[in-house]
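Peer 1: So you can see what is in the structure, the chains are spelled out below.
Protein chains: 2
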Amino acid sequence: MLLNRNKEELYFEIALGEKGEKIKRYSLKVGEGIAGKVAETGIPIIENDVENNPFFTSKFDSLTSFKTKSLLCVPLVYQDEIIGVIEVINKKGKSKFSKNDLKLLQAIANQASIAIKNALLYQDLKNLFFDTIESLVSAIDAKDPYTHGHSKRVSEVAVMIAKEINNSESFLEKVKLAGLLHDIGKIGIDERILTKKDKLTQEEREIIKKHPTIGRRILEPIELLKDIIPGVEEHHERYDGSGYPKGLRGDRISLLGRIISVADVLDALTSDRPYRKGLEVELAVLEISKLSGIEFDPFIVSILNDLYKRGKLNCFGS
Amino acid sequence: MLLNRNKEELYFEIALGEKGEKIKRYSLKVGEGIAGKVAETGIPIIENDVENNPFFTSKFDSLTSFKTKSLLCVPLVYQDEIIGVIEVINKKGKSKFSKNDLKLLQAIANQASIAIKNALLYQDLKNLFFDTIESLVSAIDAKDPYTHGHSKRVSEVAVMIAKEINNSESFLEKVKLAGLLHDIGKIGIDERILTKKDKLTQEEREIIKKHPTIGRRILEPIELLKDIIPGVEEHHERYDGSGYPKGLRGDRISLLGRIISVADVLDALTSDRPYRKGLEVELAVLEISKLSGIEFDPFIVSILNDLYKRGKLNCFGS
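In order, the protein sequences belong to chains A and B. Just so you know, we're using UniProt numbering here: the first sequence kicks off at 1 and counts up by one. Just so you know, we're using UniProt numbering here: the second sequence kicks off at 1 and counts up by one.
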């Protein structure tokens, strides 16, 4: 069990054994029960007769119809900070938990604490990274009321589509980032053109068309982002080769680019514009389907249709 | 020794023993020498007579006037990927490296590989985080030719100042981030006001003065950034209480805010403006010193003067 961020509750990170799945939905206050006591004090508890232990709570037993007889509970400690506990229940056979069992479990807990803390720190940093990008991108989007929240929504649909292709964490993270950053190049374009309510001139349209290339240039210095650049640079390419900036055709457009392109247009069609209200998601998916093989990769369009049919796109549209 | 990012070279991450410091500046190509061979093949080498080993190179021995006789070299492997090697040289006494020594070193290498890989991944992600923020912030700064590179430079001086106060990594990282993000609230302000070349109206000045508060709002949703928000929100507070947005006085202004304030003005004074050329750094430091205790914290100003005298600010000014 790990302590939550406020150090007030223990939740089950892993629960094994016959009632493992059942018990996972419950949690424990710090100080509550034997595990809660160990999490509070950092002192291990070895108890072969739980009924007579004043700290024992039968809460989990009654919730899961289980009978706890003996248990051994040690704290997970990392640099003097208690991060959770490991508890083992009901020693097999008729024997009791021994001091040797405690020693062994403590050795495991020491190793586990380092690994868990590392994983938590890494996850924290990753969340910080994504949250910060999301906040900055949202602040940029918010300059224009019509693009408010756009990049975040594009990122979300793009990830939904991507999950149907490859559920690996690293691929989904790339898609999420490419979605968040696809319009980042718009920072480099004059606000007056971006937010102009009248029809754009030919020259202004050409300026706006530079945003995928500017986006690439902004991200290019970052070695670890090089995999996501195609998603940013190629989200206005079209499947028939008539898009920009490079006029790439079919599978020459990166998978990221083909995914973001569909997600981008879905959000654009379902969002209000100065000259029209946003479309219903059903109509937007229909519009996109009409351009399957022309503007969009038919494979991605088929995934979008499938998501729509499964009710996954209900958050979109007016 | 660890493999560099391109997997072409081994460099000394740690080198202990009498020639340790000396050898650290050198590196080895993958495939070169016994360590290079182990890094290439992933197969450990135990050699008690290096002279007769065809892979042995005496390069390091001649560079450091050392005599290698026997060695034991095992790969650092993490999930089938070779990330480096551990090598021990010259078994003590007259005995030879044994298979047991090899087994022991391999056990150490297995543990070390996990810890090293975790540390590398964490460092990679941290670099990605800072690099990405820097790129986004630079792109925002670049909208106005007069603030091009401003946030990065402010961040750099702020870190120089901070190092004189507390050299801990976590403090310096906060200062670096606060420096990079101090003007992020300007995203929320109309570009036409920000880049206006004529004198600003009273109303326009009031709008610009909102950027520290907007900055706070942009960053507020990010739990892990809450410590740096005071640096962003309070970088226009003045030591005598006449600043904005809150009119905080003296030490009521956060340390981050007092540091960023000095760094911000140093960069502003030394940068060109539409109506004047940037000041020499000497004059800028003098200007800031005149306002010590009025606009700026005397303690921070004294650090700035000290940095100037030690020639650390030569990168500033025209």
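No lab work stands behind these hints: they were computed from the structure. Predicted model only: the values in this text are computed from it and were never measured. Just so you know, not all the hints are guaranteed correct.
Chain copies aren't distinguished; within one or between two, either way the pair holds.
[What the hints assert, rightly or not] Only pairs whose alpha carbons sit at most 25 Å apart, straight line, appear in this in silico PhoX-like list of lysine-lysine:
1) Lys24 to Lys312
2) Lys69 to Lys246
3) Lys96 to Lys7
4) Lys197 to Lys143
5) Lys226 to Lys176
6) Lys126 to Lys176
Peer 1: Give a verdict on every hint.
Peer 2: Now the hints, each set against the structure:
In the homo-oligomer, the alpha carbons of Lys24 and Lys312 never lie at most 25 Å apart, since the shortest distance is 27 Å inside one protomer and 56 Å across protomers. Neither within a single protomer nor between protomers do Lys69 and Lys246 lie at most 25 Å apart by alpha-carbon distance, with minima of 70 Å and 60 Å respectively. Proximity of Lys96 and Lys7 under a CA criterion of 25 Å is satisfied in neither setting, with 31 Å inside one chain copy and 53 Å between copies. Within a single copy, Lys197 and Lys143 get their C-alpha atoms as close as 14 Å, and across copies as close as 21 Å, so both meet the 25 Å cut-off.
Proximity of Lys226 to Lys176 under the C-alpha cut-off of 25 Å is found in both arrangements, the shortest distances being 14 Å within a copy and 24 Å between copies. Both within a single protomer and between protomers do Lys126 and Lys176 lie at most 25 Å apart by alpha-carbon distance, with minima of 12 Å and 18 Å respectively.
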